[in-house]
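Novice: Kindly generate the complete structure, drawing on both the sequences and the hints.
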Amino acid sequence: MLPGRYVSSATRPRSGDGQHAHTPTVLFVDQSGELGGAEFALLPLAAACAARSEVVLLADGPFRGRLEASGVRVQVLNDARVSNIDREALRLNWLYAAPAIIRQVCAIAQQARRFDVLFLNTQKALVLGALGKPLHRRQVVWYLHDIMSRDHFGRVQLMIVRLLARHVADRIIVNSSASAQALIELTGLPASAMPVVHNGIDASVFTQLDAGDLPALRRRLGLPETAWLAGLFGRLAPWKGQHIAIDALPELPHVHLVLVGGALFGEDAYEAQLREQAQRLGVADRVHFAGFRDDMAAWMKAMDVILHTSTESEPFGRVVIEGMAAARPVIATGAGGVMEIVRHLENGWLVRPRDVAGLVEAIETLRTTPELGQRLAAQACADVQRHFTLDRYLQQMTDVIDHARR
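Numbering (UniProt numbering), first residue to last: 1 to 406.
Among the clues, some could well be false.
[As the list claims (entries may be wrong)] Have a look at the derived ranges for each label pair, beta carbon to beta carbon:
id, residue 1, residue 2, range
1, R386, S70, 23 to 29 Å
2, L345, S204, 24 to 30 Å
3, G61, A100, 14 to 20 Å
Calculated directly from the structure, the hints in this document are not laboratory data. From the three backbone atoms N, C-alpha and C, an ideal C-beta is built for every residue, glycine too.
Specialist: As structure tokens, then:
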């Protein structure tokens, strides 16, 4: 079903009135107020469903403003004692947080009773929403954006996810086959129980941007006009591997590195380490910390190459398809969901995780062989417009939601 066919909230049948054929109403729940990959995936879906849905956020932040600007109704259920629980804290302070957790479970359940489907977009949302199922008795859809393995998560968290995925979630959607495989190994569920829906983007945002006057674009963004620029986009976090890119710079004297993104989740110490690393290696004058930026298309168009340097398997790699849509050659870590996007030397260049030498070779080859970069970028741009469109993503997601009520 296409977004234009949604019924309005003023005329929709109420859940539980015996009319099962209507378009289901949806309560989306997300744990973060920040703008990460899961939030960028939810934003267009919530906007498309705005007439029949609401979003509950478990923390306030810029994500709320983005949703509201798209016409989405938003509630924030914020409790610091819940928000501050991290992946390992469950071992230590869950008793302290228990009253707040119970309150949030009940609050989400109270809201969920007004809707047909409860769509849980993050892991904390899964826990709080699924635990309340005896109270709300609604269909639970979970969209998984992570690779659920011991490489990424603690034993307690994996145990909780395993139980909820097996016994509470009615529908599970995964953002890549890599994420699906890890969940299959964790839960024993069949692949048929978790459809893969790759993120989609509006490629026109990139293709319609005129970057013909590259020096002028760079001047507007405050970037060196004539330097050869490698851009790395995403939040500053150790597993995103910005330090790998900085390690490569001493071997790339003609290259400047542009880091677009901020330290979102208490990772300010990592940003300080990156700045110290650049000073220590003598490349600080060629590392540009741009911070978080809204105009991602312009920043990507200003680059000569887009880098993806994650040290661990990426669940999907949204920044990779954005770089491809910007018609810039992409060098990416060849692991996880990225392998479902990039074909080595066909539409991009793959390097092994943490392989500084391999990264140096890839960057220098594309710098000195511009025709290769142009060929890769052209194929990549065509692939994104064929396989990772926003319309395709919304169609697949709404199909799952529509069937959840049946």
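Novice: Give a verdict on every hint.
Specialist: Hint check results:
1. R386 / S70: 23 to 29 Å: This hint holds: roughly 26 Å between Cβ atoms.
2. L345 / S204: 24 to 30 Å: About 27 Å separates the Cβ atoms of L345 and S204, which means 24 to 30 Å holds.
3. G61 / A100: 14 to 20 Å: Cβ of G61 to Cβ of A100: about 19 Å, so the range 14 to 20 Å holds.
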